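Chains as they are written, first to last, in this note's numbering: chain D, 1 to 308; chain W, 1 to 308; chain R, 1 to 308; chain P, 1 to 308; chain B, 1 to 308; chain C, 1 to 308.
Keep in mind that the hints were calculated from the coordinates and are not lab data.
Careful: at least some of the hints might be erroneous.
No copy is singled out in the list; a pair is fine if it fits within one copy or between any two copies.
[Said to hold, decoys possible] In silico BS3-like cross-links for lysine-lysine, where the CA-CA straight-line distance does not exceed 30 angstroms:
#1 LYS104 x LYS43
#2 LYS104 x LYS44
#3 LYS232 x LYS143
#4 LYS109 x LYS41
#5 LYS166 x LYS98
#6 LYS291 x LYS244
#7 LYS105 x LYS9
#8 LYS43 x LYS291
#9 LYS127 x LYS104
#10 LYS44 x LYS127
#11 LYS111 x LYS9
#12 LYS143 x LYS111
#13 LYS232 x LYS291
#14 LYS98 x LYS9
#15 LYS244 x LYS109
#16 LYS109 x LYS143
#17 LYS41 x LYS166
#18 LYS291 x LYS166
#19 LYS244 x LYS9
For clarity, every value in this text was computed on a predicted model and none was experimentally measured.
Residues per chain are reported as follows:
6 protein chains.
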Amino acid sequence: MTIQEFDNKLAQTIERLSDPSTYDVVCYEHRMGEPLPSIAKLKKIVNMVREILFPGYFGSTSLRPNSTRHYMGVYVDELYELLSQEILAGLCFECQDKRADKVKKHTPKAKDIAVNFIEHLPEIRRKLVTDVNATYQNDPAAKNLGEVIFCYPAIRAITNYRMAHKLLELNVPLIPRFIAEMAHSETGIDIHPRAQIGESFTIDHGTGVVIGSTCIIGNNVKIYQGVTLGAKSFPLDENGNPIKGIPRHPIVEDDVVIYSGATILGRITIGKGSVIGGNVWVTNSIPPNSKLVQSRHKEVAFIDGLGI
Amino acid sequence: MTIQEFDNKLAQTIERLSDPSTYDVVCYEHRMGEPLPSIAKLKKIVNMVREILFPGYFGSTSLRPNSTRHYMGVYVDELYELLSQEILAGLCFECQDKRADKVKKHTPKAKDIAVNFIEHLPEIRRKLVTDVNATYQNDPAAKNLGEVIFCYPAIRAITNYRMAHKLLELNVPLIPRFIAEMAHSETGIDIHPRAQIGESFTIDHGTGVVIGSTCIIGNNVKIYQGVTLGAKSFPLDENGNPIKGIPRHPIVEDDVVIYSGATILGRITIGKGSVIGGNVWVTNSIPPNSKLVQSRHKEVAFIDGLGI
Amino acid sequence: MTIQEFDNKLAQTIERLSDPSTYDVVCYEHRMGEPLPSIAKLKKIVNMVREILFPGYFGSTSLRPNSTRHYMGVYVDELYELLSQEILAGLCFECQDKRADKVKKHTPKAKDIAVNFIEHLPEIRRKLVTDVNATYQNDPAAKNLGEVIFCYPAIRAITNYRMAHKLLELNVPLIPRFIAEMAHSETGIDIHPRAQIGESFTIDHGTGVVIGSTCIIGNNVKIYQGVTLGAKSFPLDENGNPIKGIPRHPIVEDDVVIYSGATILGRITIGKGSVIGGNVWVTNSIPPNSKLVQSRHKEVAFIDGLGI
Amino acid sequence: MTIQEFDNKLAQTIERLSDPSTYDVVCYEHRMGEPLPSIAKLKKIVNMVREILFPGYFGSTSLRPNSTRHYMGVYVDELYELLSQEILAGLCFECQDKRADKVKKHTPKAKDIAVNFIEHLPEIRRKLVTDVNATYQNDPAAKNLGEVIFCYPAIRAITNYRMAHKLLELNVPLIPRFIAEMAHSETGIDIHPRAQIGESFTIDHGTGVVIGSTCIIGNNVKIYQGVTLGAKSFPLDENGNPIKGIPRHPIVEDDVVIYSGATILGRITIGKGSVIGGNVWVTNSIPPNSKLVQSRHKEVAFIDGLGI
Amino acid sequence: MTIQEFDNKLAQTIERLSDPSTYDVVCYEHRMGEPLPSIAKLKKIVNMVREILFPGYFGSTSLRPNSTRHYMGVYVDELYELLSQEILAGLCFECQDKRADKVKKHTPKAKDIAVNFIEHLPEIRRKLVTDVNATYQNDPAAKNLGEVIFCYPAIRAITNYRMAHKLLELNVPLIPRFIAEMAHSETGIDIHPRAQIGESFTIDHGTGVVIGSTCIIGNNVKIYQGVTLGAKSFPLDENGNPIKGIPRHPIVEDDVVIYSGATILGRITIGKGSVIGGNVWVTNSIPPNSKLVQSRHKEVAFIDGLGI
Amino acid sequence: MTIQEFDNKLAQTIERLSDPSTYDVVCYEHRMGEPLPSIAKLKKIVNMVREILFPGYFGSTSLRPNSTRHYMGVYVDELYELLSQEILAGLCFECQDKRADKVKKHTPKAKDIAVNFIEHLPEIRRKLVTDVNATYQNDPAAKNLGEVIFCYPAIRAITNYRMAHKLLELNVPLIPRFIAEMAHSETGIDIHPRAQIGESFTIDHGTGVVIGSTCIIGNNVKIYQGVTLGAKSFPLDENGNPIKGIPRHPIVEDDVVIYSGATILGRITIGKGSVIGGNVWVTNSIPPNSKLVQSRHKEVAFIDGLGI
């Protein structure tokens with residue numbers, strides 16, 4: 001390829017990539033000065049919240065009795081700054097108002113929401129303590145609570161979920177989803193921030209778990225890796241688009257255990273105290289205290305000449 | 001342990017670790033100056049391509065109507081530099097020629113391939129737009145196209161796949177696999193870059209999806225988390241080594257939906273418009289418009305005294 | 001919200017977050033100067049070990065025949081420094097002794113363990129070579145050994161496992177779990193560091209694999225994505241807490257293959273040379289050379305009007 | 001020291017450091033959300049301007065004929081973003097208005113100034129080219145123009161000066177001083193941004209050069225290291241404070257050379273074409289074409305028994 | 001050069017560089033685990049102290065009335081950690097005891113000194129406020145106190161000096177010198193940490209200022225760039241080595257002004273209220289209220305044909 | 001300013017900045033793929049050399065007797081890689097050959113020079129040891145050799161000089177000047193890499209020292225801050241350009257001491273053992289063992305009403 005050809009090829013490609021007619025879907029044309037959500041800052045926010053909730057575990061500094069309050073004060077201050085920025089970015093992203101100065105319009109709301117979220121941190125901590133305790137109780141391999149807080153991916157995923165859920169309750173767009181997807185990427189646990197989850201929630205191993213957006217999960221529920229709490233299907237409107245906002249995921253009542261790989265689909269109810277076996281496929285409601293397993297003797301066969 | 005013992009132990013271990021006879025497999029003895037593929041640079045390349053394909057979403061700068069072309073120009077320029085380096089690294093890695101100056105030998109080819117790849121970016125963008133639109137249509141939880149582009153792991157995985165596939169078509173060794181594994185690590189979605197996938201492709205949740213190297217997937221296909229499109233077995237040659245390059249993964253025709261956890265194995269065909277239910281195991285071809293589910297009433301049992 | 005209200009809200013939240021009565025579970029009150037395990041340093045350690053085991057693949061420098069020994073020397077030296085620090089952090093974390101100067105108490109032990117671990121690196125390398133070779137033999141898509149070492153997530157997971165397992169044998173608390181969870185996060189493969197795994201071990205794709213803490217796996221075993229080697233249930237003590245340390249996961253003998261999504265639970269034995277089909281649920285021991293698959297014709301139904 | 005004593009001492013010190021009565025001078029109490037000037041961002045701005053002015057020298061990317069315009073476009077865009085932020089920070093810093101929302105008040109002005117500054121970049125480049133040419137002409141050790149642009153601290157200092165001077169002309173507070181002090185720290189050359197300096201200006205070596213705020217320097221002037229163009233004294237007002245804004249530094253006309261260590265003080269004029277010798281102390285005006293040196297034979301003595 | 005020759009040359013050079021006989025002076029053989037002073041950490045310490053002394057100026061966070069105490073608390077805590085480490089490094093560096101575990105031996109002392117230093121921070125702040133005020137009073141170009149604190153290199157240099165001086169008073173080896181040299185490198189102002197300097201001290205421009213180790217400087221002294229307060233000569237002992245610790249630098253009494261480039265050498269006294277002109281060379285004591293200048297008419301000559 | 005105006009102004013400025021006719025001097029149009037000298041890499045090179053020359057002082061790792069050779073081996077290897085790259089960048093920068101592939105043309109030469117330079121490191125170390133010893137002997141404030149190596153800016157400047165001088169002897173363009181300017185920026189000491197400097201060289205304080213490119217300095221010379229060894233003037237060729245390469249700076253023979261602020265100009269000789277006093281201006285040769293000072297009683301006057 002001559003240098004001339006090379007230059008031409010690149011130049012033509014740049015033209016094609018800059019052609020506005022190809023920008024219908026792909027380009028996000030925000031105005032100058034409007035903030036974009038920043039993955040890096042959201043990561044910082046999540047780490048800061050984790051440090052606030054579990055002081056001494058994730059920070060870089062040793063805590064002394066006299067100094068904890070100071071650390072809380074500083075972390076809360078820094079969190080407020082970062083979080084109100086990201087909330088603002090979320091509000092601007094969704095805002096369709098073409099004429100307004102979006103930053104000016106949404107800044108006060110972003111600040112109020114940030115304060116509101118911070119006020120809920122003690123409650124989020126209280127719930128997470130129940131999750132940590134339940135996880136420790138349920139796992140014979142756990143040596144102590146510290147190991148659970150430090151190492152367990154489920155605690156990480158549930159922490160992100162509880163943050164994201166509160167932000168979504170406060171009507172923050174986009175940011176909750178980001179925070180949930182961060183945990184999804186790190187742990188393979190995909191909890192939609194709109195799902196409602198009670199206390200003392202535990203997930204073991206966790207990879208492949210999916211909890212859909214309209215799920216309602218009670219207290220003291222335990223699920224294993226690969227469990228899906230999903231939708232069966234969803235009604236379409238007259239244009240063939242899915243109708244949004246209809247409850248379409250399961251209700252899981254208190255004290256339920258769901259073993260690995262089970263698939264539970266649709267707006268059904270798994271009754272209090274039930275146990276769902278591994279790899280089971282459930283699309284109907286189950287009464288309380290049921291034990292549901294694969295009729296495994298039927299489905300497994302010894303075969304001599306296996307073709308696999 | 002005395003300091004003497006300590007020093008001896010470390011010294012002996014260093015000797016053992018440096019023993020060339022242990023290097024048969026583990027050591028990659030490239031010559032000085034030959035580039036190694038760099039994960040950090042490949043990450044930068046993927047981010048740059050993402051910024052080029054979806055301008056305004058992932059970059060650090062706000063776009064104005066007048067300035068988009070400049071950004072495209074600069075990104076293409078930087079991409080060319082980085083990409084030709086990494087392609088060169090891939091070519092050198094695979095090259096068995098012990099005597100040649102590999103860098104000199106492969107540099108022109110690496111540059112040509114980089115230009116070629118860049119020329120295909122508009123086409124890759126066009127296909128990804130179909131994927132984004134299909135994802136939005138198919139997910140009642142998606143608020144807008146922006147959220148899909150920003151947050152959905154499947155879009156991230158499919159973007160990497162479409163990049164990696166094109167590089168593999170251009171005969172770049174090693175690099176496509178790296179790019180695919182990046183997405184695998186981030187999203188739990190494992191698409192072999194050699195697979196052929198049509199337009200308007202959607203993956204929901206995605207963790208645990210496996211799409212094998214000889215798969216052929218049509219347009220408008222949707223699959224859920226935990227779906228395997230795998231090989232049943234593979235013929236061995238006379239030395240007991242697997243014979244490479246034989247088609248051994250499924251063909252999935254247009255408009256097929258495959259629900260979570262389904263396992264589809266071997267060079268079989270899932271006919272156009274079929275629906276495969278969750279957790280199903282399929283090893284035979286299925287005619288068009290089939291609906292295949294677990295015969296779930298049979299396999300599930302209510303048991304009082306469950307042993308699990 | 002007035003500035004006054006704003007200040008009050010933040011101040012009250014800081015008080016609530018600093019209330020020692022809420023610190024029962026969540027706060028790790030280590031004394032000043034005691035090291036905390038550092039994820040960043042553990043990542044560095046894992047990368048350093050990977051560079052030592054597979055010289056030339058992951059480092060930033062080209063190797064020449066004369067210089068390999070120098071690199072090994074420096075890497076071992078740096079590894080010793082970093083690793084003894086992290087081991088010390090683990091020992092301090094678990095130590096309940098309230099009065100002792102933990103750093104002083106555990107430093108010599110931490111150093112001894114670090115040396116001990118380093119002495120086992122050649123043996124770890126030897127085992128990993130068997131894993132790499134087996135992976136290459138078993139995957140028709142693998143082009144060469146280098147690709148396997150460079151790109152395959154399973155090799156990454158098994159490397160972390162073999163490191164973590166050795167550290168756990170040397171009675172290091174916490175750190176092995178961290179190292180295992182790193183691989184879990186990157187690859188979706190969750191191998192408990194206490195599991196015992198033989199040579200020539202391969203995992204294909206890997207996402208969703210779970211290998212429990214009391215598993216015993218022989219040589220030349222291959223498993224696919226989504227396979228669970230788990231516990232069925234665990235006996236509780238009189239207080240309702242799980243009894244720790246009882247064998248409760250499967251024994252998998254030599255030459256076994258387990259296909260994707262299979263769930264094998266409890267202290268059962270999968271006999272030598274057996275093949276377990278995909279998505280199968282196994283809770284009883286299986287004799288050698290068995291072939292076990294889903295009785296798939298029974299469980300799959302063609303349905304016209306699918307309700308999913 | 002007991003832990004109790006230790007804690008008390010730190011706690012008391014924290015109280016003393018937090019005592020608002022000690023904050024009279026030392027504390028900058030800006031309101032939340034108001035930007036502070038950022039040294040890191042100003043460094044980025046200076047580097048970006050340098051890259052714009054001397055394309056190809058300081059950037060990380062190779063330039064091709066077709067691509068320069070794209071780079072200019074992107075750099076200008078990024079510069080605008082960063083610079084308007086820092087100008088805003090400067091305007092807020094100086095603004096005494098206690099009640100206003102300073103960010104809102106000053107943002108439009110900050111943006112206008114940033115655009116204004118950018119419009120002057122071609123003129124700044126034109127002047128710097130004259131400085132570079134003059135430096136090359138005047139230094140027998142300079143191999144080529146590239147070396148001058150790349151390595152000469154004087155070019156770096158004059159670049160910062162020309163930027164800072166323009167910003168100060170545009171009434172930006174604080175930021176010009178920062179930019180000047182950056183160059184001062186890097187090069188030891190201290191040019192006040194308010195000084196007026198003509199074209200083809202050269203400084204050799206430069207360390208210790210001081211050019212005061214009301215200096216006026218013509219075209220084609222050359223000065224050496226350690227030269228001071230300073231003030232003799234300054235009149236005080238009735239409160240004993242220095243009266244600001246009175247011309248009190250020298251006027252140096254065209255084509256003057258001032259050798260190392262010369263000290264020129266007060267609102268005097270060094271006439272066109274004059275040469276001032278090294279280490280000379282000048283406090284009176286000098287007519288054009290003067291040659292002024294130390295009467296060196298008088299002041300130097302050979303002494304046998306030196307007391308130094 | 002053949003690869004063989006190349007390898008040999010490098011190998012031989014490595015041998016020569018590793019030859020212990022060449023290590024007499026150049027090698028610092030500290031034992032494993034002993035900390036080395038870290039420039040990066042010392043920079044962090046200096047920045048932290050600057051943030052503590054001038055809250056709101058240098059930190060990354062906005063201060064609110066309620067939150068300042070928290071920031072002080074956290075900064076003091078972090079400072080204590082970092083500083084006691086660096087002090088320990090300094091103590092170990094100087095300690096000649098070959099047998100002791102230096103870390104163990106010096107740790108308590110290092111911690112005590114760190115607390116001691118922190119207790120002096122309010123006093124250091126008080127003195128710096130006098131310096132800032134004096135600088136503002138003395139410079140007609142200074143717009144406000146904030147500009148002085150933010151931008152003036154002299155304040156930076158004096159801050160480092162006041163820190164370093166206190167550490168040296170507390171008998172910390174090496175570290176004070178490092179801190180002083182940092183300021184020297186940034187500002188060109190070289191103040192030996194052992195010098196004693198009163199309140200309301202100002203340095204204008206500053207590059208080239210040297211203040212020797214046994215200087216005593218009163219209150220309200222102002223000096224300009226290039227001023228040397230140095231030693232004339234120093235007595236040697238019988239071995240020809242300089243005798244350490246003898247006063248050999250000037251005493252400068254209150255209210256003295258010294259203009260640029262003046263050189264004042266030896267243990268002489270510059271009397272209260274004196275003014276020393278620029279470029280003057282002084283080696284004898286000067287009575288109070290003296291005005292000393294170059295007899296400039298004598299030493300300057302107009303020359304037509306200048307040879308320079 | 002309307003958005004339209006704003007866009008137009010930026011667009012016009014971009015056009016003006018991209019106008020090739022303004023690129024005569026300012027643009028460095030290297031071809032794609034040609035390396036540019038990298039300040040960041042040169043800093044790394046200098047730090048690496050410092051670590052090699054003074055093992056244990058600047059590195060991040062503790063040295064043990066057994067491990068020094070390994071560190072030397074690795075540092076030399078890494079230095080070779082980095083240095084040959086930068087030398088190549090320098091060679092390409094100066095090369096005027098428009099048609100050649102400069103990288104290909106100069107790579108072998110760059111590698112040879114890098115090896116050559118590395119071979120001289122032991123000799124550079126030997127000379128620096130003499131400098132360190134002399135510095136310690138000459139400074140009563142120096143506590144030990146370690147402090148000199150660690151903290152003294154002169155050692156830093158002389159180290160860079162000795163590196164740069166050797167590279168210049170090996171005909172490397174541009175890079176030596178960069179390395180010298182780094183030290184100049186950090187220390188205020190400006191030594192031209194072409195100057196020839198003997199052993200046991202010491203500089204005290206150093207800020208403002210200038211040593212010109214054709215200086216020849218003997219052994220055991222000591223100079224203080226602000227000393228200039230410069231050129232008086234330089235002959236011009238028929239075009240008025242300075243004639244390059246003519247000796248025009250002083251020769252300073254062995255055992256000379258030059259006090260602060262002295263200015264020594266032209267190709268004169270300062271005879272062996274001479275002492276030059278502070279602030280003296282010398283433009284004629286001085287015989288051996290001279291003592292030269294300002295006739296200070298003459299030039300200093302006590303004045304009552306000082307006009308400064």
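Of the hints given before, which are not true for this structure? As far as the earlier hints go, 8, 9, 18, 19 are violated by this structure, in ascending order.
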